[in-house]
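Participant: What follows is each chain in one-letter form.
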Amino acid sequence: MTAPAALEATGLGRRYRRTWALRDCSVAVPSGRVAALVGPNGAGKTTLLHLAVGMLAPTTGEVRIFGRPVRESMERIAFLAQSKPLYAGFRVAEMLRFGRELNPRWDDAAARRRLAELGIPLERRVGGLSGGQRTQVALTVALAKRPDLLVLDEPLADLDPLARDDVMRGLMAAVAETGLTVLLSSHVVSELEGVCDWLVVVNGGRVQVSGDIDELVAGHRLLTGPAETADALAARLPVISRGGAGRQATLLVRDATPPLDPRWTARPVNLEETVLAYLRAPDQATLPRPSLASAR
Amino acid sequence: MIEFHLDRGSGVATYLQLVHQVRHALRLGALRPGDRLPTAKEVVAQLTINPNTVLKAYRELEREDLVVGRPGLGTFVERSLGETSMSDRVRLRAELVQWVRNGRQAGLGQEDMQALIATVLGDTFREEIA
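Residue numbers (the UniProt record's numbering), protein chains in the order written: chain A, 1 to 296; chain B, 1 to 130.
Treat the hints as calculated values from the structure; they're not laboratory data.
Warning: the hint list may mix true and false statements.
[Claimed, not checked] Heads up, incomplete: computed chain B residues facing chain A, CB under 8 Å, no partners named: (1) G11; (2) K41; (3) I49; (4) D123.
Glycine included, C-beta positions come from ideal geometry on N, C-alpha and C.
The task is simple: from the sequences and hints, build the whole structure.
Facilitator: Shown next as structure tokens:
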């Protein structure tokens, strides 16, 4: 028997008045993964995250955290909201005291060590910190809760490139030390390569892709060849997106075998190309498990 | 100790980039049997990378018997990658020269041949790792 997923949603949906923000969402993030939640603005990312951490009640379906209902798992989850909920008038030390009093699993020594390594003074007021430092303080507070699942909503938005790298590196170091599971949303796909190993794509309130990133990317390629033979090829292979001009056609296909027709060349795709192809083709049915797709 | 680097967006899976870099270092003699590979934590501190990816690369190298993990101590190079013998190199080079001559007779230019070689290398390599 395998360990329960860190997060498992089944038939999850949330409706605001007449509008479904998220619908019929079934998705799992295995334990120990660093998962990226990707999708256009308004796709339902934040709703999914809020449901996952128990800040919102679902209209349909349920979320289980390490096999148990969210309500019973609150102390195992830490959530870093997009707004980085820190009090500008508080000193960093006061943020820590606040966290210590609210969280039974609080690791004060680790939090102080982390801030010292980052060179963030405890007596500084939160309002006087840079954006990157504020995010680091919020991340420190989240990690000090010693969560098994850390959920972050757009942690990199509004940070400069250097601060992004510092925050991500800090997050990866925490994963290396504790083996915690991470779920983070982002719309900058290129920054997730090498950092995340699991991908969930939501589009128009539905889950479009969910799976291991290496398997997903290795299971797709970009084919280039003569336009007049494109239809015949497209009839045999699952085409995610199609492009080209004049006599040349390009197909992004879910297929890892080299094309038989020598007039066609294949090249590997990267994560960003794959994700963009899916986002541009919202009708492309939810990905079958990538492991099955690549096993042909 | 090897220092990894990443080519993000290259389309080559990150763990494979690490595997290639270790193999390359073994071929060049930059890594020798007995050398310790950096721990996942050390790699993460230097490169913003998922520690699971480092472990995945090391598992792949272990599967190829190139390295061995010793619990609590680290991952160590087990054997170097045999450089091809001089006679093999000479023979392969001669075959390639002949191939290039055939290509020119068939009307292929330098870029055509480079593209063809790149495609064949890529396909063969991907079949191996698939």
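Participant: I'd like to know which numbered hints this structure contradicts. Please list them from smallest to largest.
Facilitator: Violated hints: none; all satisfied.
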